[in-house]
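Undergrad: Take each chain as given, in its own frame, and dock them per the hints.
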Amino acid sequence: MRDDATSTDRRDRDERWRDLMRSAQGGNSFAYARLLEEVTPVIRGLVRRRWHSPNDVEDIVQDILLSVHLVRHTYDSARPFGPWLGTIAKRRIADFARKMASRRANETTVAAMPETFPLDEPKTEQDISDDQGEVRRALAALSPPQRQAIELMKLQGLSLEEASMRTGKSVSALKVTVHRAMKAMRRILE
Amino acid sequence: MTTRRSMHTDDLIKALSASAPAVSPLRSPHARTATWFAISLIYAALVVVVAGPRPDLVVKLAEPKFVIEVAAALLTSMLAAAAAFCAGCPGRPLWERFAPLPALALWLGSLGTGCWQSWMRAGPDGLSLAPDLICFPSILLVSIVPGLLILAMVRRGAPIAPVTTTMLAALASAALGAAALRLFHTQDASVMVLVWQFGSVMLLTLVGALLGRSLLRWPQEGALE
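Chains as they are written, first to last, in our numbering: chain W, 1 to 190; chain G, 1001 to 1225.
Chain G extracted, bound-state conformation (with noise of 0.2 Å):
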């Protein structure tokens, strides 16, 4: 910083221009997203196969409440992911990082209707609380691949966003996670799976956007020699 600091400007522009070699542009956030959904979702499948599918799951595949549920997961992890690409492109419209919000909340919305059902069904009873411990291990374990994945993709782009891109980088491997855990782990109560299961997402989530500042930077000006 203190060579350049005492560099002219007009010397610095001959020295950029100097060492410029050709890039390869980043290809588009899409065609990005296509690339990581499309590896995530085979390692989830991987997972779900090892782990075992649940007994039940063709008869659940039947279920709207369940398609729902899980579409509504599927999409926001594409959309979060999206939007962490999105957000590492200068000059992109801002909306786009809210992009996976419809999605999460219909998400969340199944599964309000669901403990609404409950508790209709079975007044407080229905929405009883028991510690379920392996949604948050599962998840993670099912979302580090893809987390892994998209952290070295969205560190291709620029950090004008550090905090919101690593949060959508969360986001879209946790929800993943979580679609892939209702797929072999046998628990339906709604308020169990928005706690647990939900609640884990969130909190993953939090946590990518408290790495924000770490992941991503700047990158470093010895960069330049």
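So that you can see chain W by itself, here it is in the shape it has in the complex (with noise of 0.2 Å):
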């Protein structure tokens, strides 16, 4: 990982933080508090030079952070510590690249969301109420795994494959099953 120290610096903090997580491995939480603290800046400016949009950098951090945890036996003491963070820091901004641009296929881009057909004339509130009342009502007689489906992607925006990991289920199965909740409603509001 690149940074100001010099080299020996780095060293230095190397075995500091093979120590650290040694210590962490064993239970220590002071350790491993310690290690994460003194490892998020440079987590955080390896993200910052990798990724453009800093709205984002907060949340590959905490992805980073996260998977260090889970798979934290898999550090071995006897190797240095920095290629083993990098490499996972690496993999995850890789993993969360991959999840914009699966986001970004789901989803429109126009230049002004039009609220109204131009002919049409402005809809009311009563308009405005009665169409949210006629999709909860199309939603309500949704399967309950179609309804989850729709609430998760189609409400909350989640990817494919955060509403899959949430579920438990395959990204196939829930292709599917979006698409036939889509059709129900359809069907619904016709």
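Derived Cβ-Cβ restraints for the label pairs, each shown as a range: (1) W:ARG10 <-> G:LEU1057: 55 to 61 Å; (2) G:VAL1023 <-> W:ASP12: 21 to 27 Å; (3) G:PRO1137 <-> W:ARG48: 50 to 56 Å; (4) G:LEU1061 <-> W:SER102: 49 to 55 Å; (5) W:LYS175 <-> G:LEU1094: 32 to 38 Å; (6) G:VAL1067 <-> W:ARG48: 53 to 59 Å; (7) W:PRO145 <-> G:ALA1022: 35 to 41 Å; (8) G:ARG1155 <-> W:PRO41: 29 to 35 Å; (9) G:GLY1109 <-> W:HIS179: 48 to 54 Å.
Only pairs whose alpha carbons sit at most 30 Å apart, straight line, appear in this in silico DSSO-like list of lysine-lysine: (10) W:LYS183 <-> W:LYS169; (11) W:LYS169 <-> W:LYS99; (12) W:LYS169 <-> W:LYS90; (13) W:LYS99 <-> G:LYS1014; (14) W:LYS183 <-> W:LYS99; (15) W:LYS90 <-> G:LYS1014.
If you are wondering where the hints come from, they were derived from the structure by calculation, not from laboratory data. Glycine is no exception: its CB is placed at the ideal position from the N, C-alpha and C atoms.
TA: This is the structure in structure tokens:
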């Protein structure tokens, strides 16, 4: 990992992190907290160098910290800590990029979202309320798995992968469920 | 995910360190390779015994070409397993993932040499191909148990290279299956072995690669609670 530290500082730091991780693997939560606190700015620096949207930086940093936590048993204290951390960080940045790309593929970009068709009269409060009621009724008519899929992916905006992790269903099964749910809702609304 | 997004990173660190019981570090890739290979070899030997060793096995074991071919398949299996275990340990050098290539080349080379010798001896007839449909299911049968075992073992690692890891794990299992098949299936025409046996190994390796992202994922965040 590149930062301003000299190579000796970096070596000392790596040894300190190695010791802290060894203690953390043994269940020492103070050592673990200190390690995570020390590595977070380094991870943040790495993410900033590789990711151009500042809004996502903290999300990615948190993803990396969580991943470090979940696979901390894979660290071998006979090996340097930096490459272990760096590999996880770079992997998770790549995963985040893939997730963003798949989310973008499911979105449609328009210059301005039309609220009504130009020739239609503007919607009244009553129309909007009626529409919402209709959608709510159509949603209620769905089977529980279909409703859950619509809620997660169309209302909460989760990606297929995230919804799959949340529900434990495969991505392809979710695709089919959403497709059928949308078809059913369209039929009800017509 | 939404709960974490609303969380400040400092709070996440506190939550993580508060829920971090002691973990047993993963054993080294070499130790895990030794365990996997020993168990899988015993299983493959049992399958050979149950299926019945080929009648000319003793004679074949005295032929250098046969021994080199089987040894290369076994070496490919062992090195592919080691590479799969290494691929699940972050920070290890990338070259380790290519470790089975020399053994794979030796195996392919020995089969290629056999094909060349058949061509020199009998011309195009020496390379005639007939269906040998028992190869694929036999290799699958031998490799399924080692395959499930290595999958369970690589899932303990970090999914930093899921496609490569499952591809190597599938290669390890299928190569062992092919080596065992040579000991109980009487088929020595190099071109037949190349197409039906080596081909089956390549097919299973490809299937392993395709399943990588589904089989090896980052643990769910719910694992924290």
